[in-house]
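Novice: One letter stands for each residue in the lines below.
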Amino acid sequence: MNAYIPVLLFIVIAIAFPLITFVFAWILRAGRYDPIKLEPYECGNPITSEAHDYRFSVRYYLIAVLFVVFDVETVFLFPWAVMFRKLALFGFVEMLVFIGILVVGYVYAWRRGALQWV
Amino acid sequence: MRADLIALLPELMLATLAMAVLLAGLASGKARHGLLGAGAVLALAATGVTLWLAAGATDPGAHFFSGMFVLDHFAIFFKALFLLTAALVVLLSHDYLKRNDYRPGEYLALVMFATVGMMTMASGVNLAVIYVGLELMALSTYILAGYFRREVKSHEAAAKYFVLGAMSSGILLYGLSLIYGATGTLDLATLARVLASAKPGPSALVGVALLACGFLFKVAAVPFHVWTPDVYEGAPTPITAFMSVGPKAAAFAMFLRVFIGGLAPLAASWIWLVGVAAALTMIWGNVAALTQDNVKRMLAYSSIAHAGYALVGLVAGGPAGVNSVLFYMLVYTVTNIGAFGFVILLESRGYAGETVADYAGLARRHPAAAFGMLLFMLSLGGIPPTAGFMGKLYLFAAAVNAGYVWLVVVAVLMSAVSLYYYLRIVLQMYLREGDGAEPATLVAAPWTERVIWACGVAVLVIGLLPAPFLAAARAMAGAVGLL
Numbered sequence: 015m016n017a018y019i020p021v022l023l024f025i026v027i028a029i030a031f032p033l034i035t036f037v038f039a040w041i042l043r044a045g046r047y048d049p050i051k052l053e054p055y056e057c058g059n060p061i062t063s064e065a066h067d068y069r070f071s072v073r074y075y076l077i078a079v080l081f082v083v084f085d086v087e088t089v090f091l092f093p094w095a096v097m098f099r100k101l102a103l104f105g106f107v108e109m110l111v112f113i114g115i116l117v118v119g120y121v122y123a124w125r126r127g128a129l130q131w132v
Numbered sequence: 038m039r040a041d042l043i044a045l046l047p048e049l050m051l052a053t054l055a056m057a058v059l060l061a062g063l064a065s066g067k068a069r070h071g072l073l074g075a076g077a078v079l080a081l082a083a084t085g086v087t088l089w090l091a092a093g094a095t096d097p098g099a100h101f102f103s104g105m106f107v108l109d110h111f112a113i114f115f116k117a118l119f120l121l122t123a124a125l126v127v128l129l130s131h132d133y134l135k136r137n138d139y140r141p142g143e144y145l146a147l148v149m150f151a152t153v154g155m156m157t158m159a160s161g162v163n164l165a166v167i168y169v170g171l172e173l174m175a176l177s178t179y180i181l182a183g184y185f186r187r188e189v190k191s192h193e194a195a196a197k198y199f200v201l202g203a204m205s206s207g208i209l210l211y212g213l214s215l216i217y218g219a220t221g222t223l224d225l226a227t228l229a230r231v232l233a234s235a236k237p238g239p240s241a242l243v244g245v246a247l248l249a250c251g252f253l254f255k256v257a258a259v260p261f262h263v264w265t266p267d268v269y270e271g272a273p274t275p276i277t278a279f280m281s282v283g284p285k286a287a288a289f290a291m292f293l294r295v296f297i298g299g300l301a302p303l304a305a306s307w308i309w310l311v312g313v314a315a316a317l318t319m320i321w322g323n324v325a326a327l328t329q330d331n332v333k334r335m336l337a338y339s340s341i342a343h344a345g346y347a348l349v350g351l352v353a354g355g356p357a358g359v360n361s362v363l364f365y366m367l368v369y370t371v372t373n374i375g376a377f378g379f380v381i382l383l384e385s386r387g388y389a390g391e392t393v394a395d396y397a398g399l400a401r402r403h404p405a406a407a408f409g410m411l412l413f414m415l416s417l418g419g420i421p422p423t424a425g426f427m428g429k430l431y432l433f434a435a436a437v438n439a440g441y442v443w444l445v446v447v448a449v450l451m452s453a454v455s456l457y458y459y460l461r462i463v464l465q466m467y468l469r470e471g472d473g474a475e476p477a478t479l480v481a482a483p484w485t486e487r488v489i490w491a492c493g494v495a496v497l498v499i500g501l502l503p504a505p506f507l508a509a510a511r512a513m514a515g516a517v518g519l520l
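Those protein sequence lines, which keep their order, are chains X and Z.
Going from the first sequence to this note's numbering is simple: count from 1 and add 14.
Going from the second sequence to this note's numbering is simple: count from 1 and add 37.
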């Protein structure tokens, strides 16, 4: 049972942290409101309309999905790089195969025009 | 290391060739249907040869990749069946894709990727490996179901299949995690040992129940069948044919391996669960099929019912039960692909070819075609001298010998019910006149016709001379245990 005490501690801290942060922010902040503060942040530009009024291009979604795929690639590259010496040639070949498969996907996405913004 | 790669060679090869087909499809665009189709069939055939060589070069009892992967006779049987299914579906799709003007590259590559996933499922003896194979198969099939992107029904099929499939995968994973938590292993052989040595706690039993729910979803058994009719109706017809045999057979391979293999010590706990599901599946699948006017929906309910029959073999268990399921999967594959081939042939201008009424008077205009459809319907209904009869006979015999008479009584009664809707099509073809403005005619689709011919011959040959096929299934399932 003792082994679970760190887990319990972790849970307590995870719950306490946002609570404490909110309480301190509530005590410390000046509390001055004006309409501009309530607007969504748009890189300093005045907003022109509500988000619901516009239809977004599906390409945002496509790019995001592609980003996730290649982002995961780098997630796997880091541990490989750390263990590079130990894994030696086997790890190197394995990684080449992995990257090769991703390159096929990349070439496919590229040639089908998924990276083009029309 | 070297032996590991030899055992995995068929999968590696098919995956590589699938990527090659994908890139070739990219380079050649829409025009090269024939070339890409031929390439895919050759790739599947080459994988079959590789499978044969790999099987010869490895020990069927050996474990590879630290005990995660086997190439036993059970796996070889299923892999050969998957390759056959994929090749038939590729041939079936050729004319259909061309007629509907969709790109062949991605389609063929996805069929091949799904096949790689199914092959991995048949070989995995570790729950994690089986799950990875399952997801590869499922994700490819979700996309294939929505491949006809200019058709709303195809979208609907893909969306429903994806959402429900993802949820069932989640349930399955939750079951896996509970079993892992209770026993500390994902390896099926170790799992069987651990479960046999100690009385399992409630968490292991809940895990098994959740696992059963996930598996029953994948084989489309009641009460997890609701996705089937909508998905089968909306998906491109060759893909419907594929889904009704390939992924279903793969799910049965996984079901047999995990439940009769790894979870055998808990049989007393899960056998009634699967038995009741089998009975409900046979009853509901057949009764619901009675009222369907759309042939694709009718065949979807029929495929639910057939999953119920195959589950009877799973409940029977033992070598006899396992090899009767294997044999039944072979029979069902050739029969169902043939039947869906006809639906494809009938889909012509003016007629969707999807309603039962479209078959009216077909026998006079196309006697050979009508006779073929008669054969497939009889086989699905389980009438001699077709393969379907032999399949059911061995399945039910195994269940009677194992003492599940009540289940066989339900199965036989429901087979009788199923004859009504199978023979309804036959009745339309032979005894009714076409009352539509324009009689349904068959479209010219030479490759589809050849596949139907091949399936028709197979149905008759297996029906009249079942011994060699049955012996093959028996040798495959009986030679070694499932672990």
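For the record, the hints were derived by calculation from the structure and aren't laboratory data.
Please note that a few of the clues may not be correct.
Pair by pair, the computed Cβ-Cβ distance ranges are [as the list claims (entries may be wrong)]:
1. X:F81 with Z:N438: 37 to 45 Å
2. Z:Y217 with X:A30: 41 to 49 Å
3. Z:D138 with X:E108: 36 to 44 Å
4. X:I27 with Z:A203: 29 to 37 Å
5. Z:V324 with X:F90: 45 to 53 Å
6. X:L23 with Z:S103: 44 to 52 Å
7. X:L33 with Z:L310: 42 to 50 Å
8. Z:V263 with X:F81: 34 to 42 Å
Far from chain X by the CB rule (all over 10 Å, computed), these chain Z residues [as the list claims (entries may be wrong)]:
9. T227
10. G312
11. T328
12. A491
Note that the Cβ used here is the ideal one computed from N, Cα and C, for glycine as well.
Novice: Against this structure, judge whether each hint is valid.
Specialist: To see whether the hints hold, each was checked on the structure:
1. X:F81 with Z:N438: 37 to 45 Å: violated (58 Å)
2. Z:Y217 with X:A30: 41 to 49 Å: Because 31 Å falls outside the window, the suggested range is violated.
3. Z:D138 with X:E108: 36 to 44 Å: This hint holds: roughly 41 Å between Cβ atoms.
4. X:I27 with Z:A203: 29 to 37 Å: holds (33 Å)
5. Z:V324 with X:F90: 45 to 53 Å: The hinted range 45 to 53 Å holds for Z:V324 and X:F90, with Cβ atoms some 50 Å apart.
6. X:L23 with Z:S103: 44 to 52 Å: violated (35 Å)
7. X:L33 with Z:L310: 42 to 50 Å: holds (45 Å)
8. Z:V263 with X:F81: 34 to 42 Å: At roughly 35 Å between Cβ atoms, X:F81 and Z:V263 fall inside 34 to 42 Å, so the hint holds.
9. T227: At roughly 23 Å from the nearest Cβ of chain X, Z:T227 sits farther out than 10 Å, so the non-interface label holds.
10. G312: At about 40 Å from chain X, Z:G312 clears the 10 Å cut-off, so the statement holds.
11. T328: At about 39 Å from chain X, Z:T328 clears the 10 Å cut-off, so the statement holds.
12. A491: holds (33 Å)
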